[in-house]
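Taken in sequence, the protein lines are chains A and B. Just so it is clear: in the first sequence, position 48 is 274 by our numbering, and no numbers are missing. Just so it is clear: in the second sequence, position 207 is 208 by our numbering, and no numbers are missing.
Worth flagging that the hints you see were computed from the coordinates, not collected in a lab. Keep in mind that this is a model prediction, so the values were computed, not measured. By construction, the Cβ of each residue, glycine as well, lies at the ideal position given by its N, Cα and C atoms. The reader is advised that the hints may include incorrect statements.
As the list claims (entries may be wrong) - On the chain B side, residues computed to face chain A include the following (Cβ under 8 Å):
hint: 1; residue: Ile43
hint: 2; residue: Val55
hint: 3; residue: Pro137
hint: 4; residue: Thr168
hint: 5; residue: His210
hint: 6; residue: Asp213
hint: 7; residue: Tyr218
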Amino acid sequence: MRYRENLMKAATHHVTPLWVYLAVFGGLCLLTLATVGQSLVLGALQPAPDPWGDGGGHSFLTNLSIALALAIATVKAGLVALFFMHLLHGERFNLAALLGSLFFVVIFFGLTLIDPLTRGQFNPEEAHPLAPQMNRIGARFQHPASEDPAEPEPAATELPPETAPVL
Amino acid sequence: MSQPLATISGRPAPPLAHHFESMKQQHDSAVLGMWVFLLTEILLFSGLFVGYAVYRALHPEVFQAASQLLDWRMGMLNTFVLLTSSLTMALAVRAAQLGRHRQLALLLASTLALAGVFLVVKYFEYSHKLHRGIAPGFWFSPHGAEAAGLADLPYARNFFSIYFVMTALHGIHVLIGMAAIGWLLARARRQDFGGEYYYPVECVGLYWHLVDLVWIYLFPLLYLID
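If we strip away everything but chain B, and leave its shape as in the complex, we get (with noise of 0.2 Å):
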């Protein structure tokens, strides 16, 4: 079984894997092994969502009272980078299909300086709380004019903590992908993809994706309680 030589911009193409018949299986199986990962992505986070459905249900008042502390504001600003980010990064793939390599690198950097911004706006938000004792489990002291009531607030502390673990696991989330978005950067400098070789910056583009799906429901449901 000999595959024609197909070059990506004069440099030899990736060597398709003996294991598979052709590009488009080796391309489809690992965008398949990389959706089959997200679902386990799906299923790990849906722990913490019901966990964060169940405490609202038994104490939605104290759910109420206890996101007042957060600020709307922020959690909109952050969720504008990071759909614009997405949009960064759906184009990034689109410009790896079409073999646009300096077009690949801009939109690569673009999304990892998108979550960047993402992640200090999150250290504002999360320092304004630290700084007040508003820390998640056994931390929790809150102190100062406006924090101080909910030291009285039975479970408000349960809520911080939801919030500090959810936010932290997506945060943490944001960072493998600026590692791996940084990889792939480095990787189309080289010009490594193209037309018939992009899966790699299509299975990052999925995880970035899913990052944005997570924020996307952790949005309302934390800083949109009324």
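The shape of chain A in the complex, shown without the other chains (with noise of 0.2 Å):
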């Protein structure tokens, strides 16, 4: 009796106040400022992008930024789920099935990622197969931020001719 007079109940649906909406939206406003301050801040503490460098990969501080940026962005994402999307205080099912298919995300993502993100660890040549290539153009390609050209690496005359592009 208890299921059959929940069924039968009015449709009556949390309303959430007003107040609720604009503090949310005023927290989402902030994080986006913290995403783009931090990306400046971490972007002017190190040197500019060097895609003709020594294919060293990402720095500390790129790595760094690339963890406060999903961090923040996975914090604005869960109060937009949570309040925007009524999960809060909507059914607790909804919930469930989009912690449900989440989970499924991380094994998606997890498996996928553990080649790339390995690689090198047996074979250094393997982690940025591209850098030698990185080296010869880096005399011809000029950082469009950066006011003088960038000047020819005297590495890049060194390099073997085996390892000579084929663009």
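Using the supplied hints, reconstruct the complex from the two chains, each of which is provided in its own coordinate frame.
Below you can see the structure in the form of structure tokens.
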């Protein structure tokens, strides 16, 4: 009977107060400024991107920037899902369904990225297969934001011929 | 089983489909169905994000250099536009719950207008790139002072293919969302929605927030690489 009564009750839904929506929106805007800010600050702390460098991969600061950006984006996504999409006060089953799909997304990312993220652990030359090409083209690539044209790197001319790229 | 004769603003409430026990059950079923659809959307975009992650892990320097061609100011502007449209959409659902018809129509129209602003900004970004020959895949032939170096950057083509496919698929979702919001707007002007019956507004709202969610991840991952 309880089940039946529950089904027959009037369709009353939780109405979120206006101030909650406005506060969540304010939080989302602040977090957007935060993610832009961390990118500008961490970007200014390190030399400009150097595609013709030694091919050493992301610097520590760039990895930190990626981690911060993803953390901030996930907090923003959580705010949108819990408040704008009514997961906090709505049916718990919808939340369970979402978490279930995110579980499979994690498997998807995890199993796929095992390969590219562990390249070069046994054979360092595999880590950055483009590095010799990058050195060569570095002389010709001009960074769009930089005022001075990039100086040709002496290392580019010292490359053994067998590493010359076929572009 | 007789249902009380509910009215919304003097108009008869929409009929309860015979296979549902109550308006609440009908509402919850529709919302759950929308969520299941959104989960498939999440998995669709996950595939693209995984592709992004694989290429970035293999060619980090290329992503850093190529993304300098994207203007983060435009991306930030569009982020604020989409966040505001998400707010107006959430408030529209609230107005529908409370049976405020004029407010609902106004908020839906605002959401529609903000979606239009988003697409206009996107148009300027796309044309800026296409004029410099920065196009996806086969059509990638950068030229001009700003972009010439890209032609020699291996895998820059891949970065911009990923950029165009992800933002274009997102843009298509914006267009579909605009069509759905336009349909809601027409129904809102007929005063179709009220506290008992507003699940169409709720479901379109959920879709619109998902479009916002995808952009929340796209913006830092494409524009803020440093």
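Now for the hints, and whether the structure bears them out:
Given the 8 Å rule on beta carbons, the hint for Ile43/B holds: about 6 Å separates it from the nearest Cβ of chain A. The beta carbon of Val55/B comes within 5 Å of a beta carbon in chain A, closer than 8 Å, and the hint placing it at the interface holds. The closest approach between the C-beta of Pro137/B and any C-beta of chain A is roughly 19 Å, which is over the 8 Å cut-off, so the hint fails. Restraint check, Thr168/B versus chain A: the minimum CB separation of about 16 Å is more than 8 Å; hint violated.
Taken as an interface hint, His210/B checks out: its beta carbon lies about 5 Å from the nearest beta carbon of chain A, inside 8 Å. With a cut of 8 Å, the hint placing Asp213/B at the interface with chain A holds, because the nearest CB-to-CB distance is about 6 Å. For Tyr218/B, the suggested interface contact is upheld, since its CB lies about 5 Å from the closest CB of chain A, less than 8 Å.
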